[in-house]
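Colleague: Sequence:
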Amino acid sequence: MSPASSHALKHPPVTAPSEPAGAPSDFPELAVAIDRQRRRGRGAQSNASGRYEAEARVAFDDGWQSLEDLPPFKTSVGIDTSRKVITRNDSPDIGFDRSINPYRGCEHGCVYCFARPTHAYLGLSPGLDFESKLFAKPEAPSLLEKELAATGYEPRMIAIGTNTDPYQPIERERKIVRGILEVLERTGHPVGIVTKSALVVRDIDILARMAKRNLAKVAISVTSLDPKLARTMEPRAATPPKRLEALKQLSDAGIPTTVMVAPVIPALNDSEIERILDAAAHAGVKEASYVLLRLPLEVRDLFREWLMANYPDRYRHVFTLIRDMRGGRDYDAKWGERMKGTGPMAWTIGRRFEIACDRLGLNKRRSKLTTDHFARPNRNGDQLSLF
1 MSPASSHALK HPPVTAPSEP AGAPSDFPEL AVAIDRQRRR GRGAQSNASG RYEAEARVAF
61 DDGWQSLEDL PPFKTSVGID TSRKVITRND SPDIGFDRSI NPYRGCEHGC VYCFARPTHA
121 YLGLSPGLDF ESKLFAKPEA PSLLEKELAA TGYEPRMIAI GTNTDPYQPI ERERKIVRGI
181 LEVLERTGHP VGIVTKSALV VRDIDILARM AKRNLAKVAI SVTSLDPKLA RTMEPRAATP
241 PKRLEALKQL SDAGIPTTVM VAPVIPALND SEIERILDAA AHAGVKEASY VLLRLPLEVR
301 DLFREWLMAN YPDRYRHVFT LIRDMRGGRD YDAKWGERMK GTGPMAWTIG RRFEIACDRL
361 GLNKRRSKLT TDHFARPNRN GDQLSLF
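With the numbering used here applied, the sequence shown corresponds to residues 1 to 387, in that order.
Beta-carbon label-pair distances, calculated as ranges:
| hint | residue 1 | residue 2 | range |
| --- | --- | --- | --- |
| 1 | 317 | 86 | 39 to 49 Å |
| 2 | 97 | 379 | 16 to 26 Å |
| 3 | 226 | 327 | 26 to 36 Å |
| 4 | 291 | 209 | 23 to 33 Å |
| 5 | 370 | 308 | 42 to 52 Å |
| 6 | 364 | 209 | 19 to 29 Å |
The hints are simulated quantities; they were obtained by calculation from the structure and are not laboratory data.
From a predicted model like this one, the values you see are computed outputs, not experimental measurements.
Heads up, the beta-carbon is just placed ideally off N, CA and C, and yes, glycines get one too.
From just these sequences and the hints, can you work out the full model?
Modeller: Structure (structure tokens):
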């Protein structure tokens with residue numbers, strides 16, 4: 001957290017508390033949840049059509065076939081034929097201007113994932129489709145090499161895993177991320193990885209070599225140390241102990257690591273902030289960050305359904321606190337506030353995080369990656385130098 005934002009958090013704003021919406025009966029989408037057996041091992045409760053679709057499809061028993069006879073959701077992987085792999089952004093409140101996402105959709109199934117609404121651009125549901133209908137970019141390494149070879153390309157850190165998790169289960173066989181890292185190592189290009197998967201340790205050999213040249217760092221999200229809560233929120237992600245062990249292995253290999261307490265959900269996992277930071281510090285982590293729960297577009301209703309299905313007794317309290325931190329709304333996308341929120345509760349979370357980091361010696365020094373080693377790859381047809 002920057003000194004400026006740290007200073008701001010020491011002066012809590014005062015806002016009037018808001019009231020949550022009415023009883024669960026106010027939400028008709030709760031009645032369209034998919035049968036539990038069909039979505040076993042998934043995060044979302046429903047599979048509503050995307051917001052751009054002209055028709056909404058709802059499963060119902062028409063007397064010809066019982067809903068119980070419908071097959072369970074199985075993971076399928078299509079091919080994304082994008083002609084470019086580096087995505088650019090000019091968002092003023094994030095620390096990178098370019099990223100790579102090797103996959104669209106994510107099998108981890110985290111119910112709170114802010115990337116879910118992107119599946120609507122594909123004509124698919126941000127619900128169960130997002131975690132079962134995936135798309136891979138097998139040509140990503142070769143596309144990346146071409147883009148790095150462009151005459152006007154200026155190197156800056158590339159972030160991997162900013163939308164969907166690069167180390168989700170299908171990466172185990174497809175190895176697209178490893179191919180990308182091989183290109184980045186060969187060209188001396190800096191990279192920052194964000195994941196909640198222990199599979200990242202597979203690539204310690206590459207990451208350790210890059211880290212010796214200040215070319216790589218890894219952030220792992222630890223949402224909860226409670227195995228039941230973690231499994232319910234993130235059904236196919238690595239367990240909390242495996243994530244902490246991954247942080248330890250990365251740190252021991254000399255790779256700069258960050259623990260992300262993300263997302264912080266009031267009245268659900270906010271009580272764990274200090275314990276997560278303490279466990280990560282003991283694993284050798286030197287940096288930490290946090291992000292407040294974000295509920296853009298369809299994520300709001302998906303999270304609401306999940307909360308009512310799994311923690312109905314906390315529903316009103318959770319949404320009261322969320323709205324207190326979002327100016328009375330379920331979500332506020334304002335730059336500079338969307339990650340941390342506003343109001344007394346948001347201030348309290350920020351101060352608790354800062355105090356714990358100070359006590360544990362976290363964030364004393366930020367790792368900085370370099371572009372000094374960048375060597376533009378040769379384009380096809382380029383004449384090689386004799387010297």
